[in-house]
Amino acid sequence: MHMVSEITEQYLKIIYNLTEDGGAAKTNDIAEALEVAPASVTEMLHKLAEQGFISHTPYKGVILRPRGRKIACKIARRHRLLERFLADVVGTKGRSVHEQACKMEHAITDEAEKNLCRLLNRPQTCPGGRQIPKCQRPITCEKCTSADVPLSQIKEGEKAVVSHLVAQNQDELCSMLAMGFVPGSEVKVEKRIPMGGPIIVSLKGTKVAIARDRGDVLHVVRAA
Amino acid sequence: MEIALAGNPNVGKSLIFGHLTGVGVISANYPGTTVEFSEGKAKFMGMTVTVIDLPGTYSLAGNSDEERVATELLFDRKPDTVIAVLDATRLERNLVFLFELIESGYNVVAALNMYDIVRKNKMAIDVERLERILMMPMIPTVATKGPGIDSLLYTAVQMRRKSKFKVRYDSHTERMISQLEKLLKEEDWKYPLRSVAIRLLMGDANVTERAAAEPKETAARLREEFLRGHGEDIVVHIQRDRFGEAGRIAKEAIVSPAVAKKVRGIDEDFTIRPTTGIPLLLGVLASVFIVLVFGGGAIEGVLVSAWSETGKEYFTGLAEDAGSDLLSGVIQGVSLSIEAMLALVIPYILVFYVMLSILEDTGYLVRVVSLLDGVMHRLGLHGRAVIPMVVGFGCNVPAILATRTMGSKRERLILAVLITIAVPCSAQTAIIVGSVGKFAGAWWALLIYLILMATLVVLGLALHRAIKFEPSGMCIEIPDMRWPSARQTAVKTYIRLKEFLTIAFPILLVGSIVLEALLALNILQGLLEPAEPFMVTVLGLPAFTAVALVFGILRKEMALQMLIVLAGALQATTDLSDVLTNEQMFVFALVMAVFMPCLAAFAVMVKEFGTKNTVMVTLASIALAFFMGAVANAILSL
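Protein chains in written order, with our numbering: chain A, 1 to 224; chain B, 1 to 638.
Calculated directly from the structure, the hints in this document are not laboratory data.
On a predicted model such as this, the values are computed, not experimentally measured, just so you know.
There's no promise every hint is true.
BS3-like cross-link-like pairs, simulated, lysine-lysine; straight-line CA separation at most 27 Å [unchecked claim]:
| no. | chain 1 | residue 1 | chain 2 | residue 2 |
| --- | --- | --- | --- | --- |
| 1 | A | K159 | B | K251 |
| 2 | B | K498 | A | K93 |
| 3 | A | K103 | A | K134 |
| 4 | B | K498 | B | K312 |
| 5 | A | K70 | A | K26 |
| 6 | B | K164 | B | K145 |
| 7 | B | K251 | A | K188 |
| 8 | B | K43 | B | K162 |
| 9 | A | K114 | A | K70 |
| 10 | A | K103 | A | K93 |
| 11 | A | K188 | B | K312 |
| 12 | A | K204 | B | K120 |
| 13 | A | K103 | A | K70 |
| 14 | B | K166 | A | K204 |
| 15 | B | K251 | A | K204 |
| 16 | A | K159 | B | K122 |
| 17 | B | K78 | B | K216 |
| 18 | A | K93 | B | K216 |
| 19 | B | K43 | B | K166 |
| 20 | A | K93 | B | K78 |
| 21 | B | K122 | A | K204 |
| 22 | A | K188 | B | K162 |
| 23 | B | K182 | B | K162 |
Chain A on its own, in the form it takes in the complex:
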């Protein structure tokens, strides 16, 4: 994909935001969101339609075409990830979260986006409650491409890192966490007891016997 200008990205993102729940985006709404005159919006929309990013039907509005959608998704994803980052980690408050994310979204690389996603532990929505579009990278990201497997898939003697926990109920989740099975902790499968017996894992020098089904609360990534 060739580079597109920042302004193109901005437009596509806005159209994405406006059409996310279905329907078409009106020129006036786009102008309002971008805080520019409707006339210049119309001009830009013509350009985008020519490039094949959007299709523009007079009096109905604008919808994204696949090419445009792809870019829009990426930018919206970055924007919302950045909002999460600014709000949760940096501690930025109020409207400033959105404004700063708007500027940063065009600057970060694919790599940074991937790492940001991992750092924030795969957030699903932005602070405003909107869905964060799924990542479409060909880059293998250990979380999104489900490289994580349930603990029972790990062979005897192998090491793995806990990526997240999928528990049936709160008690189960909390008891695993309290024993130290938090995301990021390294476990080693010491022994798999036959006859359907438990898996013995060592975690920070402690051995724990976990029944196979219970062990699948832990989703882990094989250590390199």
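Given the coordinates of chain A, work out where chain B should sit on it, guided by the hints.
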């Protein structure tokens, strides 16, 4: 003043407790749970200090029975100081537990226990640094031998300062905490508001229940929002931050890590690998059995002969001097019940408890649970079912209570049925070993166990078929194997035996006196007559055994004790082989082993499963016992 001992399981809390308090310990189940805690008194510079040993938990969040009990005890008793017993070799995880105690606003003193192993592993911990970071005293201790315990008590008694240490969570979490904190009112809570806010955020049921509507709803909303935003429970984030902080502190405090990575003991593999573990398990069970038969038998011999020369003679003399038949009967009853106690409870139950305690303390029992987990699943049982079952070999009452760790009510009922019918408790073991084992030989006693085992499997499979359920698995820490401590074994056995002496003996005494009185007044014979045809024709047992069966309902071991009492009363002998043949003893022991739950177990079952279920189980077990007895009698008399 009051001091509470808190910590993870297997950190040596009970050993420290033993050092502080000696033997004058009471152990109690927390109301409404099976979870035990002990309480004792320590003397310190002329002061009496009450020490409470909390159940070992990984957290104070209240997500398991143990955690709930620990939290409630801390809440109710408001100890002046809490001693956090930490395993210094596993600093990181233990620090997380310490954080929770500090967060909850207790006066905390930490014991860095197992410091001998730290030294042995050439690990160096900068204790002063740790104290500075956490702003509280840390005292290295070796609970197995005693160093550090005195200074621990000294510090705990003097401790009047709360640590100002705070775990910093990420800014999003911190913001939610302070938002909740603002909604809480100081006067409503005994804990620092920050701790209440964190617990609310984590969805702690206990705290949520007590909270006012506004903070409660806000917390629920924040949790919900967080879950939607992150796809992960906030609990995960909070715990991750705690472990992160603990890891950083541990890294700073540990000057040099353990040199030799703990060599994995050969015992480790032996006990867990099925090819070696199962033969080993059978070997251990066999030796427990042999020690019980021979060791118990030897102690019994010594005690009984000592008794017959001293107390018995005294009572016989007393009985002869007594004017009326009734009075002499009563005196005989007292004498015989003391003898029954000496012949049964002391030798067999004491030996059993000593061995059970050793198996627990070495860490072997946990390995057995791990080894058998898969097999238990095949039987339609939970791996965790092993624990109530093993407990059931001691006493069915705690075993029935321990079924609470199982998921569903049905699962629990199945397990309780299996335990009451097919798992012989220590009293039933005493009957089997003390009658069949002693007179007919160990093989016959073993046969009874095999029959019970087969019953367990058949019954388990049948119930599993009848009631479908999906058991969920266990998750249990495997402690390092270690030598049992004589002191701990003694304290544990003492506590367990005390219950027998204080509850069983009075019932036995009254029962014996009543029986002897009935006998002296010639009423007993009349009462037995209706039972005679059934007992004699179906089970091939003499009629008087019916009384023993009836008394077996009060307490199982009393069946045999009563048998001895009755033999004494009817035939003037305390040697069972004079009144029963080996075959009769076999049938009797088998019937007793399957027979209805004792009164205490019955009461617990009613409480746990309702009267209807309990009565059904009881009737079924009586029918099954008589059926098996009749079959055994038919086969043996061929």
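Each hint, compared with the structure:
1. Distance hint between A:K159 and B:K251 is fulfilled; the C-alpha atoms sit about 22 Å from each other, no more than 27 Å.
2. A hinted pair counts as satisfied when its Cα atoms are at most 27 Å apart, and B:K498 with A:K93 does not qualify at roughly 64 Å.
3. Restraint check: the Cα-Cα separation between A:K103 and A:K134 comes to about 21 Å, which is no more than 27 Å; the hinted pair holds.
4. Our distance criterion of 27 Å between C-alpha atoms is met by B:K498 and B:K312, whose separation comes to about 24 Å.
5. Of the supplied pair hints, the one linking A:K70 and A:K26 holds, its CA atoms being roughly 20 Å apart against a limit of 27 Å.
6. Straight-line distance between C-alpha atoms of B:K164 and B:K145 comes to about 32 Å, which puts the hinted pair past the 27 Å bound.
7. Using a Cα cut-off of 27 Å, the hinted pair B:K251 and A:K188 holds, with the two alpha carbons roughly 21 Å apart.
8. Straight-line distance between C-alpha atoms of B:K43 and B:K162 comes to about 24 Å, which keeps the hinted pair within the 27 Å bound.
9. Of the supplied pair hints, the one linking A:K114 and A:K70 holds, its CA atoms being roughly 16 Å apart against a limit of 27 Å.
10. Annotation: proposed proximity of A:K103 to A:K93 holds, straight-line Cα distance about 16 Å (limit 27 Å).
11. For a cut-off of 27 Å, the pair hint linking A:K188 to B:K312 is broken: about 63 Å separates their Cα positions.
12. The suggested pairing of A:K204 with B:K120 holds, with an alpha-carbon distance near 18 Å, which does not exceed 27 Å.
13. Distance restraint check for A:K103 and A:K70: the Cα-Cα separation of roughly 19 Å lies within the 27 Å cut-off, and the hinted pair is therefore satisfied.
14. At most 27 Å may separate the alpha-carbon atoms for a hinted pair to count; B:K166 and A:K204 meet this at roughly 24 Å.
15. Between B:K251 and A:K204, the direct Cα distance comes to roughly 13 Å. Compliance with the 27 Å bound is thereby established for this hinted pair.
16. Restraint check: the Cα-Cα separation between A:K159 and B:K122 comes to about 26 Å, which is no more than 27 Å; the hinted pair holds.
17. In summary, the hint linking B:K78 to B:K216 is supported, as the alpha carbons are separated by about 25 Å, within the 27 Å threshold.
18. The suggested pairing of A:K93 with B:K216 holds, with an alpha-carbon distance near 24 Å, which does not exceed 27 Å.
19. For a cut-off of 27 Å, the pair hint linking B:K43 to B:K166 is broken: about 34 Å separates their Cα positions.
20. For the suggested pair A:K93 and B:K78, the alpha carbons sit about 40 Å apart, so the restraint of at most 27 Å is broken.
21. Note on B:K122 and A:K204: the hinted pairing holds, with a Cα-Cα distance of about 18 Å set against a maximum of 27 Å.
22. Distance restraint check for A:K188 and B:K162: the Cα-Cα separation of roughly 38 Å exceeds the 27 Å cut-off, and the hinted pair is therefore not satisfied.
23. For the hint pairing B:K182 with B:K162, the CA-to-CA distance comes to about 22 Å; that is within 27 Å, so the pair holds.
In this structure, the hints that do not hold are numbers 2, 6, 11, 19, 20, 22, in rising order.
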